[in-house]
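Novice: Residues per chain, in single letters:
Protein chains: 2
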Amino acid sequence: MGYRILETEDIAGYLRERGHWGTDEPEVREVSDGNMNRVFLVTATDRTRGLAVKQALPWVRVAGPSWPMSPERADAEARAYEQVAKVAPDKIPAIHGYDSDNYALVMEDMSDLEVLRTILNEGGTYGPDTSRRIGEFVAQLSFATSDFGMPSAERKALIAASVSPELCKITEDVVLSEPYLEHEHNHWHPGLDDLAVAFRSDPRLRTEVAELRHLFMTGAQALLHGDLHTGSIMVGTREGAPVVRVFDPEFSFVGPIGFDLGLYWANTLVSAARADALGVEGDHGDQLRLSWDAFRAEFRRLWPTRVDTFFDDAFLDRFLDRVWTESLGFAGAEIVRRIIGFAHLTDLTTLPDPVPASRRALLLGRELIVRRAELTSPEDVEALLR
Amino acid sequence: MGYRILETEDIAGYLRERGHWGTDEPEVREVSDGNMNRVFLVTATDRTRGLAVKQALPWVRVAGPSWPMSPERADAEARAYEQVAKVAPDKIPAIHGYDSDNYALVMEDMSDLEVLRTILNEGGTYGPDTSRRIGEFVAQLSFATSDFGMPSAERKALIAASVSPELCKITEDVVLSEPYLEHEHNHWHPGLDDLAVAFRSDPRLRTEVAELRHLFMTGAQALLHGDLHTGSIMVGTREGAPVVRVFDPEFSFVGPIGFDLGLYWANTLVSAARADALGVEGDHGDQLRLSWDAFRAEFRRLWPTRVDTFFDDAFLDRFLDRVWTESLGFAGAEIVRRIIGFAHLTDLTTLPDPVPASRRALLLGRELIVRRAELTSPEDVEALLR
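Chains as they are written, first to last, in our numbering: chain A, 9 to 394; chain B, 9 to 394.
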């Protein structure tokens, strides 16, 4: 059976064919809102059951067929979910099935949860659990798929299976080079003209970003989520308990662990800049520390279970120090590209006057990139934030 | 057509089937002398033509079927030759064909050349060209298959195609862990007992080797030869001109460039220890410098042709510094494993008294590993040698 693009009216039949739904007629609505894919929510009329269906199209959804993109990104997503399900099933949506012919995932209905970015933009806070869970998520996924958690031969197979040329290229371009070059993708608020020019003509910054770019291209440390921003996280409460779900791992590949932490940190630091601009009291400035502490504690908790005991405790200390430094660099690059690159953050663009907060964030981003080796603790970063 | 193990009497027919030989009956003799594979030399009776046929068996040749080993290592070898042929065809044997059904390479007859290690062990020297060519070889292969010389998407395909779980595991074990552990593979001259014990109980050395091991496992910088010792190099003269051929790249995979340089350096440093022990005058101590200078010069010569111009000149300087440091570390690990690990070097074992030279080499190896970051030039290493 070849690939077919699923429309709203096909979904109920499709789910029946694959054994995910009974004879009753569900309500189906398309709720696609990412850039890339289609998503359908399927709900029993009595509201007792729900499912989501996510299908990758052979193009970028918001652009249409004029921007082709291999739907094989859904394979990467399914593979990432499969790996996470082994070690952190509580932190991703339940996956009921993956149909590789149609690049379609059938998964948990998360319509009762909210996207973390939306909550933050609406004046909400992170709450005590979110960043801890994210730190644990990165530790659990990366440890399990590193040379510490996975036997050497299995790791090599994972590296081969998870190469993702098209999606890595997007990151290599829009995050790790374009913002520092003249490029048609770039745009920015006129109030940032001077900084955009300065960033493009700063040789030290360019060389440091080249380092991060090379690390991204060659550092096959562990399977990453690959796009771990606050828009890839849903949070909420079920039966009185907090729920955190990381989703959309279609940029997943085997790369440097610091890239996942760094993306998350960048997004928390930008949300802190927004809260500060609005005079909102909150916990925005604490999230880098909370997620790093949770990452490190979880990685250390898993360390005694490593399959490769040649790696000793002193090596772990050094390794974690290096992940810290690399994460800061990637955080800086992510902040910069979200302000003077291709895709901007609503956290800043929806501010009454985005300029002051954007300037501060840009300068923070630059410091994180060029001074990452001097910043040795979350407190050092918090001092930069103030 | 399935896989068949070729015997001497099959070779002429096999070559005819594949269009490599005419109707005349050649002389065929088996000349296998590596650990892993069978090699046949095929010569026309009038001596005007010759070929070599190399076949990977589904086991380690010298051990027999009791040590199974996937013959797919020949795919890695063919792939490496194919890459090198594009950029340094003068430094490998001419490849006339690869038969992936039978894991057999038909290649240049090099029986007029000699293995570099043999020459050195018989009191010969490197001569002015060998190490320069080796440095250029590493630069040409690694540049072309790095993110500098190869477009991002093509690189990802190369990484996926070149994973080599079985052969990488051998290196990870016998080079980058066993010598520092109690392991049945290890053996050494009784005169080295104290050093073998000291190396196994040296926490700093262990942690530094763990760093190198992790770099070997995760540093997907470029396609490597993977086993670039003086036994993988043939040299000689044809029509008055020096000839250097690197062969046996079956350990090839995408890894850290310093691993190829380091292996070669270790072998040159051990040959220098041998020459010194025998009071042989020669050029043995110059080879690290000659190969490094040639590597660096060639890499810099290729730099302006890079496909990814985001990498700037300042990044190149840093990158080469890092390759230098990593190469020293791998050189140290290779020296150590060749003296107290599984497979020893005839350079030392055939000395009348191998102990003094072996002790000096072991201590040099340790210094290269633990002090690699302090050694900034070939002169620093030459000072350690004296």
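Calculated from the structure, these hints are not laboratory results. Keep in mind the model is a prediction, meaning the values are calculated, not measured. Check before you lean on any hint, since a few could be wrong.
Stated by the list, open to error - With a straight-line cut-off of 20 Å between C-alpha atoms, the simulated DMTMM-like cross-links for lysine to aspartate or glutamate are: (1) B:Lys177 to A:Glu289; (2) A:Lys177 to B:Glu17; (3) A:Lys177 to B:Asp316; (4) A:Lys177 to B:Glu186; (5) B:Lys177 to A:Asp316; (6) B:Lys177 to A:Asp320.
Novice: With reference to the structure, classify each hint as holding or not holding.
Specialist: Verification of the hints:
In summary, the hint linking Lys177 (chain B) to Glu289 (chain A) is not supported, as the alpha carbons are separated by about 53 Å, beyond the 20 Å threshold. Among the hinted pairs, Lys177 (chain A) with Glu17 (chain B) is inconsistent with the structure: their alpha-carbon atoms are about 52 Å apart, more than 20 Å. The hinted pair formed by Lys177 (chain A) and Asp316 (chain B) meets the criterion: a straight-line CA distance of about 12 Å does not exceed 20 Å. A threshold of 20 Å between alpha carbons decides the hint, and for Lys177 (chain A) with Glu186 (chain B) the separation of about 38 Å lies outside it, so the pair is violated.
Between Lys177 (chain B) and Asp316 (chain A), the direct Cα distance comes to roughly 12 Å. Compliance with the 20 Å bound is thereby established for this hinted pair. Among the hinted pairs, Lys177 (chain B) with Asp320 (chain A) is consistent with the structure: their alpha-carbon atoms are about 19 Å apart, no more than 20 Å.
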